[in-house]
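Undergrad: Letter by letter, the chains look like this.
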Amino acid sequence: MTGKPSPVRLHKDLETIWKTPPGIARLSSVNHTILGKRFMLLALIFFAIGGFLSMLIRAQLATPHSAFVGPEIYNQIFTMHGTVMMFLFAIPMLEGFAIYMLPKLLGARDLAFPRVTAYGFWCYFFGGSILVIAMLAGVAPDSGWFMYTPLSSRPYTAGINADVWLLGITFVEISAVTAAIEIFVSILKLRAPGMSLARMPLMAWYMLVTAGMMIVGFPPLILGSILLELERAFDLPFFDPTRGGDSLLWQHLFWLFGHPEVYIIFLPAAGVLSTIIPVFAQRQILGYRAIIAAIVAMGFLSFGLWVHHMFTVGIPHLALAFFSAASALVAIPTAIQIFAWIGTLASGRPRWDIPMLYVFGFFFVFVIGGLTGVMLAMVPFNTQAHDSYFVVAHLHYVLVGGFVFPMLAGLYHWLPHITGRQSVYRLSIPAFWLIFIGFNVTFFLMHLTGLMGMPRRISTYPSNWGWDWLNLLSSVGGFILTMGFSLVLVDMILQFRFGRRFRRDPWRAQTLEWAMPTPPTDYNFASLPRVDMRADAIEPAPLGPVLASGEGYLGFARNNQQETLAVDMMTGVIEHIVILPRRTYLPLWTALATGGFFVSLLLGHYWLAPFFALLVTGLILLWPASLGFREDQGPVPIGRGETAPFDAESTSNAAILANRTALVTNATLFSSLLFGGLFLIVVAPNWDSAPAPLVPVWLSILAVLAAVAGGASAFFARATNRAGGAVTGGLAGAVLAQGIATAAFLAIMAGMGNPTAHASIAIAFVTLGYCALHSAIGAVIAGHALWRKHQGYVSARRATDPELAFLWNGYAGITAVFGAAMALLLGGIL
Amino acid sequence: MSAGDRRALILLIAGFTAWSFGFVLLYGLQALGCAYDWPAHRAILIAAYIVTLAPLAWLSLIKVRAEGEPASVLALSALWANRAALAAGVLTFFPATFASACI
Amino acid sequence: MLFGSILLFALVMVLFALAYIRTGWISRITPTQWIVGGGLVLPIPVLVLLTGTALVLGEQLLPHGRTPVTIEAHAARWNWTFSYPGGTTQAGDVLHMPAGQPVDILVTTEDVIHAFWVPRLGGKIDAIPGHTNTIRLEADRPGIYWGQCAEYCGIGHDIMRFRVEVHSAEDFAARFGGEAR
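If you read the sequences in order, they're chains A, B and C.
Heads up: the first sequence runs through residues 1 to 830, numbered per the numbering used here.
Heads up: the second sequence runs through residues 831 to 933, numbered per the numbering used here.
Heads up: the third sequence runs through residues 934 to 1114, numbered per the numbering used here.
Everything labelled a hint here was simulated from the structure, so no lab data went into it.
Computed from a predicted model, the values in this text were never measured in an experiment.
It cannot be assumed that every hint is accurate.
Just so you have them, the derived chain C footprint on chain A, three or more residues with Cβ under 8 angstroms [stated by the list, open to error]:
#, stretch
1, 61–67
2, 190–196
3, 286–296
4, 319–325
5, 338–351
6, 360–366
7, 370–378
Beta carbons: idealized from backbone N, C-alpha and C, even for Gly.
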């Protein structure tokens, strides 16, 4: 570390550590640049598949009495179009974008959990493949992309179709939740030194709120999918009104996810706009602090809108009024952002380029979508337009306007970053106009078709109702739109092949991602910058060479370790060095085992699933094996004359924060389950003579006491470890106590009565099953910490493992209390 | 992370968190009142409306005197967000005073 | 609502264009004016007024009390059965209604979710398993209208239509019972 190596030497040293070799070894990559590109490429492939399906839809609807495909096939086509676009294109696209971009924007070398990125990618790949294979085999889901029960229940969808959706999408959702946690933690911890929260580029704020929304927004859907799959596979009647279930429960769970989802898709795109517009306006974004407030407001308000998808299900007017008002109000933070963007352009020195063309497209299309959105928020109008083509037009205006147009602007803006080449331009402009005109022709007319009474999801229509010419024109527009997208694809390929190379920062942007070589190296920055101002006001061109020559932090290679820095989440003060895991096939194997679990459920081989679950658990326990130290290291140099400890010796490291975040996700799932149970008790039909589950009080008390004792024991272990004392007794106590709790919960479940008889028993059964599972998880994690201690990885300073054991055991204790209370309530004892 | 920093960060989401709890409370009371035919349903709803607004009003008045760079920026965003939460509470929950609760 | 929307849309697009055309005054608007003016002053009154009107209108459309004539509409895959005050029940996808008076339609379903919708007469209401939903409709004059299932319900969703025959109140009372007004 004495005597600065030359930039070339430094590059070679870092490259040997961080490189992913070509060939089959690419499958072991955990690098965020590679995986981000992979995510985006796969999302584009799914976009093409979804687009192809939409062409089939428009071909079918071009003429009345169409005989192109029958309703059996048509129902699969529109279900898959919606499913692919929402779950396999939009969400993975924004994840891929965030995975690629965030570390570069924040001045880090990778995300906090590179192997989790890789695992998420494989889950997405395998889960998406299940859906595509099912479609090719002709057994694709056909109940509509929001899968309303009872149409998607066993009596009305007897085949495997609905299972494909429930299991395939849940598999893909694993990647969404893991990515959300990883993005959340990485933004908060892995930033350049000095970059406080208030200096972050707005893109990071947008992604932080988006990730936070995903953390609490996805669990309701995952819970709904689990419950519906339990109903389909084992006949537990959560949604069957004859046995105390209610199909409205599904709608609530689905839209409690589904509406925030729309904002989860929009916010990253708005982040793209907030990044690109200042570059082309040639001034800093206007209203930085107001935009942060607007993003936070949007994040929360978007959770108070879900019932506006359910205005016609017969909910009382007062409840509709709450949601109607919230739906109208969410327009205000949107308006703040729109005017902040226009104001930025107006007060800067704006210039035109291809990305701005798409920004124009965004303003045009999204404002129309927003205005029709306000119309739909009004209950009387909604009951007329609901489920008609007006809604189809509206949702395409907001999603294409609010996601596809900004992402295309982003594509033209950042493709040079990925390829190291600039656009060829000849095709870009006609491509834009084809997309813009094609889009508006297709979807603007649908507003009229809808107002004329055409409902969505019909495969044919009679010719005498005046819908013919509108539908024909929409189909023509659709094909123009497709030509536009094909031209963009050709344009991209040309840029990869013939684009002109450039030195650094071709757009004169002022964010950190341009302060690195393009295409980027595997380690991003040869040394990490110190950020003493707003991170959207730096000058990449002079900064780049300084970083490349190793004058920032960590400008050296040490012990073959992949190192980056973690900071205090608020102030950006340096906290510790993060040692990132190197490339490995473990994520791939774990994802394959996870896939085995889902496929065995899908094919009905239920006896196989537990073996795969055990295999997954075993593989996950192997992950931490390569991390940590057997001795305390103390602070080590990080360059620029400063020192910092390694992450293993920090009590606020990314692993602890990530587990806390995961528990928030988990708690959202559990509270959704409890609310679901209460909802059925209050609203569902056929509860007057409901059979109550048999819940023995003494056994419940035993289970709760054991689970709480496990939590307390882990707490004790954590405290003694910090004080330098022995940790073994406390951890072993936790394992034992949680083992007893698991057994007690299982015993109650076994004797509570037949869960297929009534939803009251089914809910109690699942709630206690959740508690049993979490006690077991607590035992496993405490046992794992015990093993880590035995291997020498735990000391008073290296305290991560006891901390995690405490978190999960404490959580098991809390859920046991609530779970048992719910069961006793259903059992008529409370 | 100093105490002032943490305070600014918590304040940033406090208003809308309170709004969310208010939302759940009012929606829950509306559903329970209909399911069990509460006699004083409207009075309970109006009371809940007022109870919900109290913390929102309080939060929108808190100005953190934050020193230094991250906290001062966030404190201003927090003030905006909390005022927005109060406005959102007043407007979105207002129907509790008049709209038909059970039809 | 339509004209307001056109106006707001035009405003945003004109401002966007002006940002590029660069007349002097637009670059002198301060950040606060942009945010407060465009983000708060412009939308809040519009939204409050609109939502308020919609809620009052929504209250008026609600089925308060009971109308003299109530008709039960029972949906099953993929047809409709209607029952009338006099006790008649008719399968065969034809709904008879009296003109010039509000009528409550009680909507139920045999199997999956359907939705009752006569576009010319008003909004729609879903038929949810295990629940009975009510929608109040009023046809001004006798005539023939079309109704259809508006919630996707499987393979026969396309063809799940029904005919609405609106009779004069006296004719309706004579044929199906209930009191004419």
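Undergrad: The structure should be examined with respect to each hint, and the outcome stated for every one.
TA: Quick rundown of the hints versus the structure:
1. 61–67: Since three or more residues must qualify, the claim that chain C covers the stretch 61–67 of chain A is violated, with 0 doing so at under 8 angstroms.
2. 190–196: violated (count 0)
3. 286–296: holds (count 4)
4. 319–325: Satisfied; 4 residues make the cut.
5. 338–351: With 9 residues closer than 8 angstroms to chain C, the stretch 338–351 of chain A meets the three-residue bar; holds.
6. 360–366: holds (count 3)
7. 370–378: holds (count 6)
The structure is inconsistent with the numbered hints 1, 2, although it conforms to all the rest.
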